[in-house]
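S.K.: Sequence:
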Amino acid sequence: MPSRKKSSMFASAFLTCVCSFVVICVVLATQHWMSSDVQFFGTNSTVTVSLTYGLFSGTCEQFIGAGLQVPAKTFQVAENLGSTETQSMITATIVILVLSLMSSLLSSGFTCTNAVSNPYQTFLGPIGVYTWNSSCGICILIAMILFPVTVQKNELSVELARGCFPVLQTHMNSAHTYGYSYWLMLLIIFLNIASIIIIYFYDHARYSKKKQQERPIENAPKDVILF
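Letter by letter, the sequence shown follows residues -29 to -1, 1 to 198 of mature numbering (1 follows the signal peptide of the UniProt record, and there is no 0).
Heads up, a few of these hints could be off.
[Said to hold, decoys possible] DEER-style ranges, computed between Cβ atoms:
1) I113 - Y171: 20 to 26 Å
2) E56 - S88: 47 to 53 Å
3) S105 - S16: 50 to 56 Å
4) I109 - K(-25): 39 to 45 Å
5) T141 - F172: 56 to 62 Å
6) Y151 - C83: 48 to 54 Å
7) C83 - Q40: 48 to 54 Å
Hints are computed from structural coordinates only; laboratory data are not their basis.
Nothing here was measured: the structure is a model prediction, and the numbers come from that model.
A virtual CB, placed ideally from N, CA and C, is assigned to each residue, including glycine.
Start from the sequences, fold in the hints, and give me the full structure.
M.R.: Quick look at the structure:
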């Protein structure tokens, strides 16, 4: 059985890993990644399309001129994308988040195992926790970079707006606001860092104690050496 200190430290890390797993699920499931107002030249006036969307679905509504509003409607992101490059980047973002979800799940399993037992394999100990938490954090960071690139470089909002309202003409400008679903990924990174720090403190304390127990005889008191 593990010591009480080890159990408490790994149990704390397990809690942060589970929180990370839950937050990743929320990020994937919600559609508040981006809110955009996209303006187009209409036949006689300016047309503004307001969109709120995530990786899978979203809502859009159209404002014509000063106040005429077209009722909001929902859409599927994959169905509104015409560019193969944009579709590939959205798919890559989803795959990366799924990988981070799996890494978080594995990290939860490793920390739980160490909280209740002493694994014989080295990789099942702190090294495994470092590995999977780092993998999860790196995947989240890549997703946080890839999504804005898709929005800005590939004009994701413009493409989705045209998918909602095909009669739209020349694009004028766009205004983007990142939603809570996107910013929650920062929380995931912080949770992974917290897990690594907790296990590092345990591992460092264990290493220091082991070194003290293996202290060479020349560091022992002189009276002990003479005896």
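S.K.: If a hint holds in the structure, say so; if it does not, say that too.
M.R.: Here is what the structure says about each hint:
1. For the hinted restraint 20 to 26 Å between I113 and Y171, the CB-CB distance of approximately 23 Å keeps it satisfied.
2. With their beta carbons about 48 Å apart, E56 and S88 fall inside the hinted range of 47 to 53 Å.
3. Judged by the Cβ atoms, the range 50 to 56 Å given for S105 and S16 holds: they are separated by roughly 53 Å.
4. For the pair I109 and K(-25), the beta carbons lie near 29 Å from each other, so the given range of 39 to 45 Å is not met.
5. Taking the beta carbon of each, T141 and F172 are about 58 Å apart, inside 56 to 62 Å as hinted.
6. The beta-carbon spacing between Y151 and C83, approximately 29 Å, falls outside the hinted interval of 48 to 54 Å.
7. At about 52 Å, the beta-carbon gap between C83 and Q40 stays in the expected band of 48 to 54 Å.
Checked against the numbered hints above, the structure breaks hints 4, 6 and satisfies the rest.
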